[in-house]
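A.B. asks: Spelled out, the chains give:
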Amino acid sequence: MVDTFILGKSELNIDAPEKIAGRAKYAIDMTLPGMLHARVLRSPRAHARILSIDTSAARAIPGVLAVITAQDMPHLEDFPGDRPTLALDRVCYIGDAVAAVAAETLELAEQALAAIKVEYEDLPAVFDPEVAMSETTPVIIHPSGKGPGGKVMGNNQAHWYGAADGDLDKGFAEADLIVENRFTTGMAQCTPMEPHVALADVDIYDNCAIYCNTQTPYLVKQRVAEILKVSPHKIRIIVPPHIGGGFGCKTRMKGEGIAAALSRAARKPVKLVYTREEVFADTTVKHPFVIYIKDGVKQDGTLVARSIRAILDAGAYTDGTVGGLVTRNAAYGAVGVYKVPNFKLDNFRVYTNKPVGGAFRGFGVAQTTWAVESQMDIIAEKLGMDPLELRLKNLLVDGDYNPEQYLMDAVGSYPTVQKAAELIEWGTPADAPISPTAKRAKGIAIGCKHFSIQTSSAAIKIHEDGSFEVRSSVTDIGQGSRTVMAQIVAEEFKVQMSQVRVIRVDTDVTPLDTGQSGSSTTVKAGHAVRLACKETKRQLFDRAASLLEAAAGDLDTAGGRVFVKGSPDRSIAIKDLFLKLPMGAPGYEYGPFLENYSELVGGAMFYPQNERGPKGEVLPKVGFSYCSQAVDLEVDVETGRIKIHKLVSILDPGKPMNDQMAIGQIEGGVGFGIGTGIFEEMSFRDGKPTNANLTDYRIPTALDVPNVDQLVFGQVETNFAYGPYGAKGIGEVVVCATAAAIANAIRSATGVRVLAMPLTQERVALAIAEYEASRA
Amino acid sequence: MTKAEVRATINGRERELRVDPWRTLLEMLRDDLELTGTKLGCEAGECGACTVLLDGKPVVSCVTLAADADGRTIETIEGISTPEHLHPLQDEFLKLSAFQCGYCAPGMIMSSKALLEHNPNPTEGEIRDAIAGNLCRCTAYVGIVKAIQNVAAEGVS
Numbered sequence: 001m002v003d004t005f006i007l008g009k010s011e012l013n014i015d016a017p018e019k020i021a022g023r024a025k026y027a028i029d030m031t032l033p034g035m036l037h038a039r040v041l042r043s044p045r046a047h048a049r050i051l052s053i054d055t056s057a058a059r060a061i062p063g064v065l066a067v068i069t070a071q072d073m074p075h076l077e078d079f080p081g082d083r084p085t086l087a088l089d090r091v092c093y094i095g096d097a098v099a100a101v102a103a104e105t106l107e108l109a110e111q112a113l114a115a116i117k118v119e120y121e122d123l124p125a126v127f128d129p130e131v132a133m134s135e136t137t138p139v140i141i142h143p144s145g146k147g148p149g150g151k152v153m154g155n156n157q158a159h160w161y162g163a164a165d166g167d168l169d170k171g172f173a174e175a176d177l178i179v180e181n182r183f184t185t186g187m188a189q190c191t192p193m194e195p196h197v198a199l200a201d202v203d204i205y206d207n208c209a210i211y212c213n214t215q216t217p218y219l220v221k222q223r224v225a226e227i228l229k230v231s232p233h234k235i236r237i238i239v240p241p242h243i244g245g246g247f248g249c250k251t252r253m254k255g256e257g258i259a260a261a262l263s264r265a266a267r268k269p270v271k272l273v274y275t276r277e278e279v280f281a282d283t284t285v286k287h288p289f290v291i292y293i294k295d296g297v298k299q300d301g302t303l304v305a306r307s308i309r310a311i312l313d314a315g316a317y318t319d320g321t322v323g324g325l326v327t328r329n330a331a332y333g334a335v336g337v338y339k340v341p342n343f344k345l346d347n348f349r350v351y352t353n354k355p356v357g358g359a360f361r362g363f364g365v366a367q368t369t370w371a372v373e374s375q376m377d378i379i380a381e382k383l384g385m386d387p388l389e390l391r392l393k394n395l396l397v398d399g400d401y402n403p404e405q406y407l408m409d410a411v412g413s414y415p416t417v418q419k420a421a422e423l424i425e426w427g428t429p430a431d432a433p434i435s436p437t438a439k440r441a442k443g444i445a446i447g448c449k450h451f452s453i454q455t456s457s458a459a460i461k462i463h464e465d466g467s468f469e470v471r472s473s474v475t476d477i478g479q480g481s482r483t484v485m486a487q488i489v490a491e492e493f494k495v496q497m498s499q500v501r502v503i504r505v506d507t508d509v510t511p512l513d514t515g516q517s518g519s520s521t522t523v524k525a526g527h528a529v530r531l532a533c534k535e536t537k538r539q540l541f542d543r544a545a546s547l548l549e550a551a552a553g554d555l556d557t558a559g560g561r562v563f564v565k566g567s568p569d570r571s572i573a574i575k576d577l578f579l580k581l582p583m584g585a586p587g588y589e590y591g592p593f594l595e596n597y598s599e600l601v602g603g604a605m606f607y608p609q610n611e612r613g614p615k616g617e618v619l620p621k622v623g624f625s626y627c628s629q630a631v632d633l634e635v636d637v638e639t640g641r642i643k644i645h646k647l648v649s650i651l652d653p654g655k656p657m658n659d660q661m662a663i664g665q666i667e668g669g670v671g672f673g674i675g676t677g678i679f680e681e682m683s684f685r686d687g688k689p690t691n692a693n694l695t696d697y698r699i700p701t702a703l704d705v706p707n708v709d710q711l712v713f714g715q716v717e718t719n720f721a722y723g724p725y726g727a728k729g730i731g732e733v734v735v736c737a738t739a740a741a742i743a744n745a746i747r748s749a750t751g752v753r754v755l756a757m758p759l760t761q762e763r764v765a766l767a768i769a770e771y772e773a774s775r776a
Numbered sequence: 001m002t003k004a005e006v007r008a009t010i011n012g013r014e015r016e017l018r019v020d021p022w023r024t025l026l027e028m029l030r031d032d033l034e035l036t037g038t039k040l041g042c043e044a045g046e047c048g049a050c051t052v053l054l055d056g057k058p059v060v061s062c063v064t065l066a067a068d069a070d071g072r073t074i075e076t077i078e079g080i081s082t083p084e085h086l087h088p089l090q091d092e093f094l095k096l097s098a099f100q101c102g103y104c105a106p107g108m109i110m111s112s113k114a115l116l117e118h119n120p121n122p123t124e125g126e127i128r129d130a131i132a133g134n135l136c137r138c139t140a141y142v143g144i145v146k147a148i149q150n151v152a153a154e155g156v157s
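So the protein lines, in turn, are chains A and B.
The numbering of the first sequence is my numbering, which starts it at 1 and goes up by one.
The numbering of the second sequence is my numbering, which starts it at 1 and goes up by one.
The set of hints was computed from the structure by calculation and includes no laboratory data.
One or more of the hints may lead you astray.
Heads up, incomplete: computed chain A residues facing chain B, CB under 8 Å, no partners named [as the list claims (entries may be wrong)]:
hint	residue
1	I20
2	G166
3	N693
Covered stretches of chain B (in silico footprint by chain A; criterion: 3 or more residues with CB under 8 Å from a CB of chain A, positions within the stretch not fixed) [to be verified]:
hint	segment
4	3-13
5	51-59
6	62-74
7	80-90
8	112-119
9	135-144
Glycine included, C-beta positions come from ideal geometry on N, C-alpha and C.
Given the sequences, and given the hints that come with them, work out the whole structure.
C.D. replies: This is the structure in structure tokens:
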């Protein structure tokens, strides 16, 4: 980034000093006087009718102050209307919330749960989405949604998204080679280290304050208002401000509604902290996919046709708009990188009696990328081509239209994959494996993910000492969005970071934002803060103009002073714009003020539909960021164990807002990519989770990731005209390519192609054993 | 129910508490003493967010009974620095921006501190072994391992 004052530089995360000192306040640390503790009773049945719920014994326990069921809060999310907050008359998965209690201690709350008697009548259940959508399905979980042509779809099909380009039949007829495969992905959990927390306090007027760790404060505000049947203005969402990770599963309402309903019933503050088991099975999970892909290619490697049919395992419900969005957005993983003149895609999201699929870092794109980037290597091998060469031959470039008719711009696939190839020394064989029973090779894959260009607003206040306050409802789940917002204000007003304070999210004070999702924060909050700075400057210059005897349009600001452009000697300190009464005058003790403003604060809304690009054009709904990865690994042919010798990850961030934080996203993405690529898979027996804990569900430990000198991270910049200061959203693309790069290396090393992800030791070992047996 | 008496030195200060015999050390620290720097992540000893030092050794306080701390010395994240002076590990973690969400940081720092006190010159493998029980979901442990290496290279004060 050229000519910036502070943007793009590796400014220290403003929250880091508090965090390393153990002083940072998270929702889990919040308490209120007289606070009660909540627990939720969850279904032990995968699918059952509720015949009766008897809470009388629970209510009779001294110290139990509230017991609620759906009778007390018959709430059903308004869209698409399949998910109650507490089960109405039926439970649809093991973990479905049935009742909740609030008591003086957690021990009493647990006693109360044990005293609630629920009578169930089992219903048939279904756990495989391909069975659930078949004509012979044992059960209809919910009515189906609408599919192609606006027609109601087949059994249990919640959502459909389709895209098409060219003439598929013609494309396949032209092809010299047709390659068909079926890929699958496992169910994963975001696994933030801080569980979901909601501390709700409802007063006698039904004003409700909730301290929580949500990624979407304004959405929670609306949902809680529905549950309490009060105006949203009575609901106040406060993030304290630190959040111990999110990655998707803290979007939308989780425990906040239940905590609020309990607090209203007890008229006392109620704190609900999810157990780790609840985080696993009862928040939201990564949709497992089954992906059928059929490609037609010419002998020279030109892709001429591609058809994809993806089946998303929805679980028991739809997480509001998220279910439809994942169904739609998964398509981006199939269209962002390659030219395909004849194309068809159909994604179906199908109900099963399992935990609910929701937002998960990668948002469907990680799953489709797994299939597409594995498939590219399979095609290359069949054609006898180098897999990198096949990729380069088919890349979309700036000015191309992708198969969904998006005009491609700021395409980063070429520079990222070239750089990754260079750093892994592509074309040079891997060194010999270290273990005598292992085989070693390299693999490569391109990740491309959309980031949504969403709505956000911000306000910037200038205090009487000339310092700045940022008000935004963007939460910081660890990636550093609070720091980046402060950097933008420091950049715009040319002041040091120490002059800028970002207040905590508090919906009574901080303005509307659409939540931390879809890698949207940098772009939307960046624009909102930039626009708010512009408005604040306008007010500031209006006030300074008469004192400096200049037109407001001729003024600029830096270092806490306003000056006339071109005449820096004609200037005034910002603090001197505030009226300071003489010492001893009535009122002087209360500090400086503005005689005709309540405060000097400029607010702005970034509403993409209102904005125009550099040439006056309408803003696109999404942009694309890129992250290519290359790996050098050995795999033990006896145990299936993978050892990574080198992993290169190259990101296109547009122009990074904060260099070190962008690298932080690449690093975290690698950790996530390795975890979801090699280890992580939620497992079930008849719908019952069998590994809903951090021992059996293994996220990478320090022993499971490559050593520090084996990880190579880099960035190549592209020119993204619609980003604030050229920045793209980057939080998710970094996780997309890892699994395919690893699978491609395993194939090169062993001859075994694994089509199911994650590439667990067991799965790889079995695949190698089968392969060896078939060759014997 | 008879309460258990706990006399312990916590962050250099003698404390006397009476706790329920089933109360965990984590609950005693967070709820009774309001030392909330130590975090709760899993309540099963799996994630390491609640790591504190008991007689200099790292323990997961969520599965350690408070009563077992009787007569012993406990160190938490709040006890290793003053507002003016950070522990060298904290300085280095800060310099390298080793953490993101920071939720694992207190436990990670306590495990690292115990390692360096026991083994001032650990190999990378020994560092990874020592923090293998402290899960971090935001990073790939790069800055964390480097920070510990740097502090070891400089020598702990």
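A.B. asks: Work down the list of hints and note, for each, if the structure agrees.
C.D. replies: Each hint tested on the structure:
1. A distance limit of 8 Å between C-beta atoms decides the matter here; for A:I20 the minimum to chain B is near 5 Å, and the interface restraint holds.
2. Because the closest C-beta pair between A:G166 and chain B is about 41 Å apart, greater than 8 Å, the hint is violated.
3. Interface restraint check: A:N693 against chain B, minimum CB-CB distance 6 Å, threshold 8 Å, status holds.
4. By the rule of at least three residues with a Cβ nearer than 8 Å to a Cβ of chain A, the coverage given for the segment 3-13 of chain B is violated, with 0 such residues.
5. Remark: the segment 51-59 of chain B is not confirmed as covered by chain A, as 0 of its residues place a Cβ nearer than 8 Å to a Cβ of that chain, below the required three.
6. Check result for the segment 62-74 of chain B against chain A: violated, 0 residues qualifying (beta carbon to beta carbon below 8 Å, three or more required).
7. Counting residues of the segment 80-90 of chain B whose beta carbon lies closer than 8 Å to any beta carbon of chain A gives 3, which meets the minimum of three for the stated coverage.
8. Using a Cβ-Cβ cut-off of 8 Å, 0 residues of the segment 112-119 of chain B lie near chain A, which falls short of the minimum of three, so the contact claim is violated.
9. As drawn, the segment 135-144 of chain B meets chain A at 10 residues by the rule of a beta-carbon pair under 8 Å; at three or more, the given contact holds.
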